[in-house]
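Novice: Chain by chain, the residues:
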Amino acid sequence: MDPDYKAPWNAGGLERGVGAGFVISGNRIMTNAHVVANSRYVTVERDGDPNKYPAKVQFIANDCDLAVITVSAPDFFKNMLPLKLGEIPALESTVSAYGYPIGGERMSVTTGIVSRIDFQLYTHSSVDQHLAIQISAQINPGNSGGPVMQDGKVAGVAFQGYSGDVAQGVAYMIPTPVIKRFLQDISNGHYDEYPDLAITYAKLQNPAQRRFLGLKDDDRGVLVSSVVAAGPSDGILYPGDVLMAIDGHPIASDANVELEGERAQFEEVVERKFKGDSVKMDILRNKRPLTVELKLYKPWPYSVQGHSYDVRPRYVLYGGLLFQPLNLDMLEAYRTADLRVRHFFEYFVLDQLYLQHPDVIVLANILPDPINTYLSPYRGGIVDEVNGKKIRTLDELASAFAESPERLVIRMIGDGPPLVLNRSQIEAARERIKMRYNVLKEQNLEEQPASKGTEQANKT
Amino acid sequence: MTRHSFIAFGLILFTVSGALGKKESAVPSALNKQKQLALVRVNVTGQSYDYFRPWQKKAPVSKRALGAVLSKGRVLVTADLVANQNYVELERAESGEKTAATVEVIDHEANLALLQPVEKTFLDGITPLEIASDTVVGDRLAAWQLEPTGALLATEGLVTTVQMMPYPIDVGEFLTFRISIPMQYRENSYTVPLVKKNKLAGLLLRYDSRSQLLDAIPAPVITHFLKDAESQNYRGFPSAGFSFFPTRDPALREFAGEKAKNAGGVYVTNVEPGTPATKAGLQIGDIVTAVANNEIDQNGNYVDPLYGKIEFTNLLTAHAYAGDVIPTLMRVMLSPCALSVTASLCS
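Residue numbers (the numbering used here), protein chains in the order written: chain G, 1 to 460; chain D, 1001 to 1347.
There could be a bad hint or two in this list.
Stated by the list, open to error - Covered, in the sense of this in silico footprint (three residues per stretch, anywhere, with C-beta under 8 Å from a C-beta of chain G), are these stretches of chain D:
hint, stretch
1, 1113–1125
2, 1135–1141
Stated by the list, open to error - Among the chain D residues that face chain G by a calculated CB cut under 8 Å, a handful are:
hint, residue
3, Y1087
4, E1089
5, S1243
6, R1248
What the hints assert, rightly or not - Just a sample of chain G residues kept apart from chain D, beta carbon distances all over 12 Å, derived:
hint, residue
7, V109
8, L183
9, Q209
10, E258
11, R288
12, E293
13, I371
14, N372
15, S376
16, R407
17, D415
18, L421
19, I426
20, R430
These aren't lab readings, by the way, just hints derived from the structure by calculation. Using N, Cα and C, we set each Cβ at its ideal position, and we do this for glycine too.
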């Protein structure tokens, strides 16, 4: 069930989807996160077995589109040999993709070759980039989560491609280093997500700039241009620092390092690490060499710019005015074109807008009622303060609405007029608005997992 | 603590008693035939800058258009016709005789320009067009175009709307006539005059052939432009320098200190520094209730004697001139002192 960001009190639309999966060690089934994200009920079927077995999502990694599900029926895994994970296949070598393209009862196999190995955006979250392998085997909806095999071992998990009108014969699989990292991450019973340095940097190929920074003509180093305050580099790296090496791997001026004989972007060193791991950086600060160490974690503000799954939308409805924190799902639901809202979204992390507005609270919609009939010009506005008090989070807005003054003066960002509400009128209209629009709940401040409480039912 | 205060006055008046009287055909009759049509062809070759290579200009583009001949040997065209021009030429419709012309005054905001022939006698024999300033909704206007022979092609249309609408360069809005008219395509119909009983009522701004709706720069805007153009330095259309918001919402009105239920006025949301509005003491949160002796309703409209409800900014753009002092009545909420400041408008 995908949440309905335009009527966030509703449970959301019911949808049914089919993907593929494969058995790995420990009686577990691996599939894509996007196959089981927002799921209420999951069943698995075996080739040649008429039964549908209820399954449970044990771990889900939305940032790398992988999930592990388990089946409680004891005989499901009988006579099944788990698949083994291989290495990154060579370019031009042949691979076979297994799955259920466009549904169907019988398994389908397509083959192709390894076309390219590169960093790609993982569209499930729309904000994470990891290594992905492009293959020429046909992949269609229903292949998702299925194994791509080479020499009897898993070479990757089929996960995304283009619709036919964009590109043909371009499909992607998640390579085994990403899969192995996921399995290692969950081995402690918890998925901790990918950490990130949370910096932006510039390549240092311009000779004049290199001289200015006191660098030799040796093609080494990249320049830190910004450091995200909510990230692990805050207070350790500063704009203007030149990164010379990461964990002892020299960083070239085009931001590449050499890892196991292959050139890769230096972030790949961080990609292979886990939350809580350290990374050592050799840097040049004010032309003086320095070694710093930082402890990795995932900075929270990025999650606003990606899709969220298995969470309930947060909102406050007051006097028919629907206030929602800005995030990708909300933006897509309303197809917001408002430039101010888009600016807050695009520059949320880069301009550190989250420091002033951890929640960017948008008056997303108005449920019409006599008490708000003249308020439509305020739609799309971003709440700045209520009765002179700055509002940073949705909780603060809910508290401001719960306080006692009769008149609420809401200032939006920009030069618009204040939005003025009279509490007694709103209180008088509350039940009427709830009834008219079938609003089940006037606010939700917690992103509690939507699936909580449904796990019981799955264990039948 | 509300006070009524007056910001003093200068005056602009421009009322023509217009009434929806009996309708006469806008197309000149055969009896009324023009010996020399007050219409010339205007040939313009221009080059705009290439913003990808800002040190160079794009290839020259030529446009053929029409111009309305006014008194004192002036020819009125739209500004976008002669924008970025390198060479402008006038051509007599009936004889095909040509002469070079200069752009005397151009106003890109109002999209109007005045041309003059280099050869002073070039327009001799043409009876210039006067301005018809009494056009109202329901009037019929004729669009004047030229056949390849130089003969007149007149099409009649109905004025459906008079409202403030955006002009091509999109800074604020100006008074606009919207006319329902089935225009015919002719090769050089760029600046088409709209004529009421042989007087100039407007100039084509844009035409949508699907809806057959034509927007025209109306006579009041043209008159303002011409009057200003007569002065030594052209200053253009003034503005006061504040933004506003309707006061329809009762809670906002009450917040701004307005007690009366049906009182009009707009809420001031921003006052630009250094503008007449700032100098007059206007502040955010004030309610402007009257401009140039016209009361403003909660949406910001005044009742124009000719056109009915029109946004009050028309009183500042089409009716006032830079430097005029405009009486503005407002209720002040934030400062209790009496304001008796004159607001001089700047362009």
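Novice: Now tell me, hint by hint, if it's right for this structure.
Specialist: Checked hints:
no. : hint      : verdict
1   : 1113–1125 : violated (count 0)
2   : 1135–1141 : violated (count 0)
3   : Y1087     : 40 Å, violated
4   : E1089     : 43 Å, violated
5   : S1243     : 6 Å, holds
6   : R1248     : 4 Å, holds
7   : V109      : 51 Å, holds
8   : L183      : 51 Å, holds
9   : Q209      : 25 Å, holds
10  : E258      : 39 Å, holds
11  : R288      : 42 Å, holds
12  : E293      : 47 Å, holds
13  : I371      : 8 Å, violated
14  : N372      : 9 Å, violated
15  : S376      : 10 Å, violated
16  : R407      : 7 Å, violated
17  : D415      : 4 Å, violated
18  : L421      : 6 Å, violated
19  : I426      : 10 Å, violated
20  : R430      : 16 Å, holds
In summary, the structure is inconsistent with hints 1, 2, 3, 4, 13, 14, 15, 16, 17, 18 and 19 from the numbered list given earlier, while agreeing with the others.
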